[in-house]
Amino acid sequence: MNIYVPSPAVAIVGRHNSGKTTLVEKLIAQIVSRGLDVGSIKHHSHKDFEIDHPGKDSYRHRAAGASETVIASPTKIARVRTLEQELECADIVESMPGHDIIIVEGYRKSGLPTIEIMRAANAADAAVADAFFDAASAGRSLEEDNVQAARDVPHEFADDIAHKMPSASTVAVVTDIPKAIEAAQIYGIPTFDLDAISDISDYLVEHYARHRISVVIQAGGESRRMGRSKATVPFCGRPLICNLIDRVSPVADELIITTNESENLAFLHEVYPDLDIKLVPDRYDFRGALPGLCTALDAATCPYVAVVACDMIFASGALMVAESIEMAKLDADIVVPVNKHGYEPFHAMYRRETCLSAVLRALKQNKSKVQSVFDDSALAVVEFAQERVLKVEPHGGCFINANTPEELSRIEETYIGE
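Here the sequence shown is numbered in our numbering, starting from 143 and rising by one per residue.
Some hints could be false.
[Claimed, not checked] Here are the computed distance ranges between Cβ atoms for each label pair:
1) GLU226 <-> THR556: 38 to 44 Å
2) GLU555 <-> SER237: 23 to 29 Å
3) GLY207 <-> ALA268: 47 to 53 Å
[Unchecked claim] Derived pair list, reagent style BS3-like, types lysine-lysine, alpha-carbon separation capped at 27 Å:
4) LYS482 <-> LYS420
5) LYS321 <-> LYS168
6) LYS482 <-> LYS251
7) LYS482 <-> LYS506
8) LYS471 <-> LYS509
No wet-lab data here; the hints were simulated from the structure. As the structure is a computational prediction, the values presented were derived from the model and not from experiment. In this text, a Cβ means the ideal position worked out from N, Cα and C, and glycines have one as well.
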């Protein structure tokens, strides 16, 4: 099942000869060495640059009038396309799904979070650092237009001061200029030395890279209303749990099934040999939503944990991705869908470290409902509204579950008719 997984992106910006390319090159190498998948985008200011050379067959195709040429080999592919107008950076990022992070060189006005580089050895950077410090000292907002400031102080680098200054989108500054460091401190922006590649990479991975997700499917065992195990009840000619695995495994860095019938689900290892599915028994010998959530969080090893029940026929991997993006963006502990029925805790995203501690506290107080975790004042809970769910999954139905054979039969008819 193909699921669009958007790639987070951050831009490295600066003036000509600031050292952007060198910094981007080192960051890519460092982050790749940590096992992450990195994409990159380079903004080129010249309209007629060529990446395909005259005399090559593919160049001859384009010279003959082809508006788009694809060059493919067993290990690489390139696409050369003639544009009517320049693409927005956001459109390019959108066309590059599936990366842990995309590092963009340039595109200051893209709306992406930007990391500003300034080198003392570059005269334009030094001039901008002075203007940056003056703005900070005067208490000017980073959202203010700098054009007037550049006019007030005539300078050979006026264009850089007017249009290439740190702004509201600036999330970090990489520099060896004391005034730039002081200005960034005034604005509360973190700074890094030019050679602190490991530290900059730490910052990017922590704040902007895609966080690893453990997806936990809860399949406790026999269901009295269903009359048998929900996990193995037939659905569209296959065990019901296979439907869930197909829907959520594309976004899972780790796939866990909590179950007290591991022997009955061992066949999944043969059906999905590449998924390394973990079958984990309940941590507690008493049933309940909260103990079940505790088992899920305890078994997970990734920082983010998505939890769904095996009878949620239309559970959405795309929604999990959207929730994980929201969690990283807002530094939340829980991102939970909410509708007219209230919270949907079993299609929510949990930050493992903080939520496991909260669940254990609640269990020690003899609480059994998941709501007690949402009420924990130590956790930052972010609601994911119904309209946003529908934007991700326009057909809805993400939270529908089947409790009886009759319900499952009706859902199967709908499913086949999709």
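Quick rundown of the hints versus the structure:
For the hinted restraint 38 to 44 Å between GLU226 and THR556, the CB-CB distance of approximately 43 Å keeps it satisfied. Roughly 37 Å separates the CB atoms of GLU555 and SER237, a value that falls outside the hinted 23 to 29 Å. Between GLY207 and ALA268 the beta carbons are some 48 Å apart, a value that agrees with the proposed interval 47 to 53 Å. For the proposed pair LYS482 and LYS420, the alpha carbon gap of about 34 Å is over 27 Å, so the pair is violated.
At most 27 Å may separate the alpha-carbon atoms for a hinted pair to count; LYS321 and LYS168 meet this at roughly 25 Å. The hinted pair formed by LYS482 and LYS251 fails the criterion: a straight-line CA distance of about 39 Å is larger than 27 Å. Our distance criterion of 27 Å between C-alpha atoms is broken by LYS482 and LYS506, whose separation comes to about 31 Å. Only pairs whose Cα atoms come within 27 Å are accepted, and LYS471 paired with LYS509 is rejected, the gap being roughly 31 Å.
Comparing the model with each numbered hint stated earlier shows that hints 2, 4, 6, 7, 8 do not hold.
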